[in-house]
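If you read the sequences in order, they're chains S, H, U and Y. Each residue of the first sequence is one higher than the last, beginning at 1 in our numbering. Each residue of the second sequence is one higher than the last, beginning at 1 in our numbering. Each residue of the third sequence is one higher than the last, beginning at 1 in our numbering. Each residue of the fourth sequence is one higher than the last, beginning at 1 in our numbering.
A portion of the hints provided could be inaccurate.
Since the list gives no way to pick out one identical chain from another, each pair is judged satisfied if it fits inside one copy or across any two copies.
[Said to hold, decoys possible] Lysine to any residue pairs mimicking SDA-like chemistry, simulated, CA-CA at most 20 Å apart:
(1) K102 x E14
(2) K140 x E184
(3) K153 x Y180
(4) K55 x Y180
If you are wondering where the hints come from, they were derived from the structure by calculation, not from laboratory data.
4 protein chains.
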Amino acid sequence: MSKKTETKESNKHERILQAAIKVFAGKGFFHARISDIAKEARVADGTIYLYFESKYDILLSIFEEEVGKLIDDVKSRIDQETNPQRMLEIFASHHLSMMNRKTSLAEVIQIELRQTNQKMKEYRNTRFSEYVNLVSTIIKQGQAEGIFRKDVKPGIAKRAFFGSLDEVSRVWTTPAPTSYEVEETARQVASLFMNGLLDKKVS
Amino acid sequence: MSKKTETKESNKHERILQAAIKVFAGKGFFHARISDIAKEARVADGTIYLYFESKYDILLSIFEEEVGKLIDDVKSRIDQETNPQRMLEIFASHHLSMMNRKTSLAEVIQIELRQTNQKMKEYRNTRFSEYVNLVSTIIKQGQAEGIFRKDVKPGIAKRAFFGSLDEVSRVWTTPAPTSYEVEETARQVASLFMNGLLDKKVS
Amino acid sequence: MSKKTETKESNKHERILQAAIKVFAGKGFFHARISDIAKEARVADGTIYLYFESKYDILLSIFEEEVGKLIDDVKSRIDQETNPQRMLEIFASHHLSMMNRKTSLAEVIQIELRQTNQKMKEYRNTRFSEYVNLVSTIIKQGQAEGIFRKDVKPGIAKRAFFGSLDEVSRVWTTPAPTSYEVEETARQVASLFMNGLLDKKVS
Amino acid sequence: MSKKTETKESNKHERILQAAIKVFAGKGFFHARISDIAKEARVADGTIYLYFESKYDILLSIFEEEVGKLIDDVKSRIDQETNPQRMLEIFASHHLSMMNRKTSLAEVIQIELRQTNQKMKEYRNTRFSEYVNLVSTIIKQGQAEGIFRKDVKPGIAKRAFFGSLDEVSRVWTTPAPTSYEVEETARQVASLFMNGLLDKKVS
DNA sequence: AATGAATGAGCATTCATTCAT
DNA sequence: TATGAATGAATGCTCATTCAT
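Full structure from sequences and hints, please.
The structure is reproduced here in structure tokens:
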């Protein structure tokens with residue numbers, strides 16, 4: 001019985017969160033009304049405040065919980081690989097396919113995560129940078145193994161790599177691309193970063 | 001006399017625009033109050049409406065006028081160069097140095113230009129894509145000249161390149177980096193895109 | 001319990017409406033502030049928007065609901081009478097006594113109902129003309145019965161009659177006359193319309 | 001030369017007044033903007049304040065000056081007549097034809113003169129009542145001469161008579177009736193007040 | 001006198017949050 | 001827990017009026 005109740009509770013928490021992702025993606029954080037989220041989650045307005053402190057807290061929770069899942073997922077995949085080049089390919093492929101599968105969440109991340117806002121910045125600096133730092137760690141490893149160029153600065157490369165993926169996936173919000181397109185794009189970006197634009201065939 | 005008046009008028013228009021860039025960058029479009037902009041521009045609230053239709057119109061004008069200047073500027077620099085590799089280096093260097101010089105404007109572009117909003121999206125599709133398309137044009141030219149790899153898709157590469165620059169410059173909002181850092185970052189990103197991460201010395 | 005809530009709700013709706021009548025009568029529609037109405041009704045400003053769409057909607061509701069009541073009331077009284085002369089006397093007496101009892105409402109009707117405004121004009125042409133047309137119907141009946149002069153145009157007479165009552169009651173807004181005065185005035189106006197000014201005793 | 005200037009000045013004063021009548025009639029006093037009036041009068045906004053104290057002062061001036069003209073006009077016509085019955089007929093005929101000729105002014109009088117407003121009320125009690133009192137004076141004279149019924153109260157009859165004319169002319173704002181209609185309406189109203197509704201042929 | 005750019009007080013409306021039930 | 005009616009702070013925009021030219 002208590003289990004049932006607990007399930008019910010977590011259901012509501014989850015329902016509100018998913019509703020919020022949808023609504024935030026649809027009209028942006030500022031234009032989204034608590035009543036929109038409540039309606040989408042089929043609860044009363046007041047109920048939301050039993051699960052979240054404020055409208056802003058919902059946004060933060062989305063990053064905390066949903067982005068957290070993404071990060072853990074990507075991390076575990078990369079851990080199974082040892083070759084740095086392959087690792088970056090996996091990161092790219094995985095990031096893009098997630099952005100594609102979770103369009104609404106992607107949009108919320110891409111838009112709201114950039115808001116100039118102290119709390120938001122703090123968040124980026126903690127939880128999110130952990131994710132992006134996966135890239136610089138891989139690059140450093142590749143450099144140590146003599147596979148990657150040593151004159152590349154990992155701190156810059158990580159942002160360049162992440163920025164590429166981010167911008168490349170932005171056009172996908174509507175309509176959704178095929179999984180082939182996603183894979184091909186991941187390959188292109190990874191290849192670009194591995195080999196560069198210059199044609200070495202001649203040399 | 002008429003000159004004086006004219007100057008005054010354009011001063012106000014410009015002052016309000018610059019004030020808005022500052023305020024929008026500082027607290028974001030939604031949190032910015034018209035009275036904040038008015039105070040920053042040292043005019044009365046109502047005066048703003050002599051020069052702009054609405055708060056939203058100010059944001060659009062920033063893109064229309066300020067981004068327009070940037071685009072024209074970068075374009076004219078690139079037109080003086082014929083080598084595609086150099087052209088991309090110039091694009092990178094110029095984009096980053098502008099983002100660095102106009103921190104507030106950069107922030108407004110990076111944040112507000114992403115807002116889920118029909119008009120904003122339209123804007124991206126017209127004026128802004130012109131800018132990003134410079135990159136794909138250069139890439140196609142390089143491929144035609146046999147300098148760039150032909151298996152790279154210009155449409156993906158342009159976004160990857162722009163996304164890299166965008167993300168790389170994001171961290172600069174505070175505090176401002178030295179011009180050396182800016183140049184070095186531009187070189188790094190361009191080099192990454194030219195040569196890739198892989199160390200070819202061995203081969 | 002549900003009764004209590006229902007009562008409370010309808011109380012609020014009614015309270016706001018009555019408060020609005022008072023405030024509109026006191027300072028006119030345009031000078032009336034939403035907060036004035038809210039204060040008078042002892043609710044928060046925002047509460048008003050739970051019951052009405054806009055300030056203008058309140059005004060329309062006053063006519064729709066309050067004037068509707070008046071019309072129904074007068075109509076039912078007249079239906080109980082068959083003699084056209086008596087019917088006009090009843091109309092006059094009833095109209096005036098209502099204007100006297102509901103001073104604020106009377107003032108709102110007399111002032112706001114005349115506003116040059118498309119919606120207001122439409123309203124006059126539908127709900128209100130129904131009321132005034134009672135008079136022409138009575139006159140036509142009287143003419144058919146040979147009691148009233150046939151050279152009188154009912155369309156003109158109805159407006160003349162209504163205009164007389166309207167103007168005659170305008171002076172009552174402050175201070176209120178005794179019910180004797182009201183009755184006497186009704187009798188005078190009705191008598192004027194029945195017999196005219198000319199002294200026939202002599203002839 | 002000074003005459004020319006004077007003429008110019010009075011031209012502007014008059015132009016502004018006529019423009020205001022037009023604009024007030026078109027959108028009502030509250031919705032009318034000073035800039036609307038200025039544009040209609042082909043002067044700058046600020047110029048209006050050289051001739052009038054405030055927006056409200058313009059409205060008052062309309063009544064003071066324009067209504068004044070009407071009153072003087074009607075008075076002089078009535079002064080040429082000695083028979084009370086004819087005098088009322090002339091009053092009716094004249095009032096209606098003026099309301100018809102000056103539609104905009106009529107609308108302003110009918111609407112704005114009713115606004116609940118201290119100054120407006122004062123105005124009604126002074127300048128305007130002078131006009132309406134013409135009617136009661138005539139009635140008293142008729143009673144003294146034994147032509148009019150002595151049981152009619154002049155104070156009530158004057159308002160009834162004026163109210164009739166006022167309401168009867170309200171429908172004329174658009175489109176304008178022919179002068180025949182105006183005359184016929186005047187005759188009807190006067191006749192109604194002279195002879196009443198009741199058919200005396202039988203007696 | 002005339003102009004019209006500048007001012008800033010004023011107000012309807014929205015919506016996150018609370019709280020009695 | 002859940003509800004949703006009630007709250008009231010917050011703000012973009014309008015426009016009568018002023019005043020430097």
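Quick rundown of the hints versus the structure:
Taking the shortest alpha-carbon separations for K102 and E14, only the intra-copy value of 15 Å comes in at or below 20 Å, while the best inter-copy value is 42 Å. When the C-alpha separation of K140 and E184 is checked against a cutoff of 20 Å, the pair qualifies only between copies, where the shortest distance is 19 Å, while the shortest distance within a copy is 26 Å. With identical chains, the CA atoms of K153 and Y180 are at most 20 Å apart between copies only, with a shortest distance of 15 Å across copies and 32 Å within one. Within a single copy, K55 and Y180 get their C-alpha atoms no closer than 37 Å, and across copies no closer than 42 Å, so neither meets the 20 Å cut-off.
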